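As you go down the protein sequences, you meet chains A and B in turn. Per this note's numbering, the first sequence starts with residue 79, numbered consecutively. Per this note's numbering, the second sequence starts with residue 960, numbered consecutively.
Hint data in this document are derived by calculation from the structure and do not stem from the laboratory. As the structure is a computational prediction, the values presented were derived from the model and not from experiment. By construction, the Cβ of each residue, glycine as well, lies at the ideal position given by its N, Cα and C atoms. Be aware that a few hints might be false.
[Unchecked claim] Okay, the calculated bits of chain A under chain B, using three or more residues with CB under 8 angstroms as the criterion:
id, region
1, 101 to 109
2, 162 to 173
3, 180 to 188
[To be verified] Far from chain B, some chain A residues (derived; all Cβ distances over 10 angstroms):
id, residue
4, GLU95
5, GLY119
6, GLY138
7, SER143
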Amino acid sequence: KQEVTQIPAALSVPEGENLVLNCSFTDSAIYNLQWFRQDPGKGLTSLLLIQSSQREQTSGRLNASLDKSSGRSTLYIAASQPGDSATYLCAVPSGSARQLTFGSGTQLTVLP
Amino acid sequence: DTGVSQNPRHKITKRGQNVTFRCDPISEHNRLYWYRQTLGQGPEFLTYFQNEAQLEKSRLLSDRFSAERPKGSFSTLEIQRTEQGDSAMYLCASLSGRVRETQYFGPGTRLLVL
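Next comes chain A alone, as it looks inside the complex (with noise of 0.2 angstroms):
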């Protein structure tokens, strides 16, 4: 069974600073692996998508990275801003449904 951990569970940096948050998985045959953003009370937003062939996903500011032989994915954050405050979310999909498999998330605060 796949279980998704990720570290820190909750992370508070001052603004412009550049930062990672972790993801690991167990089972390394996994198709994609997804990063999302969760704003208080609200639903999901995707981030990025990495495919297992690839090692690397940048979108702006956002840059993702993907081993699968060790089971571990980055989200990289350069230069942070207070907007950029909320729970991000790593996820990869299994079973036959290829439903996602989540981990907890990581509360991030980006202070002012």
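We have chain A already, so just place chain B on it with the hints.
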């Protein structure tokens, strides 16, 4: 707006009552998922539809839960005889038939059982 929509956005009910939630997926998406999210946790898979067929159900989906997707369009999730432990955010997501695409999530329905 061509995104996934869910109604109602919030529902407060008393223990023992029945509730029904609706999800309208992106129109060309034939795959639809329901997830449940409790405070401080990531979403957990409940059930999956491909067109109108319910093909997968999680062990989390007790016999008090039922889901339908008539004609492969919108979907409903009903909870009978609600319990306080059912309080959670219920999220719907849809996906086209292509493998390499992300799931698109709706805004969720937040349920509070008193």
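Right, here's what the structure says about each hint:
1. As drawn, the region 101 to 109 of chain A meets chain B at 1 residues by the rule of a beta-carbon pair under 8 angstroms; below three, the given contact is violated.
2. With 3 residues having a Cβ less than 8 angstroms from any Cβ of chain B, the region 162 to 173 of chain A passes the three-residue criterion, so the hint holds.
3. Interface restraint, the region 180 to 188 of chain A with chain B: holds (4 residues with C-beta to C-beta distance below 8 angstroms; minimum three).
4. Annotated as non-interface, A:GLU95 keeps its C-beta farther than 10 angstroms from every C-beta of chain B; the closest such distance is 24 angstroms.
5. With a closest Cβ-Cβ approach of about 7 angstroms to chain B, A:GLY119 is found to fall inside the 10 angstroms limit, against its non-interface label.
6. Non-interface status of A:GLY138 relative to chain B is upheld: no Cβ of that chain comes within 10 angstroms, the nearest being about 17 angstroms off.
7. Listed as a non-interface residue, A:SER143 keeps its Cβ farther than 10 angstroms from every Cβ of chain B; the least gap is roughly 18 angstroms.
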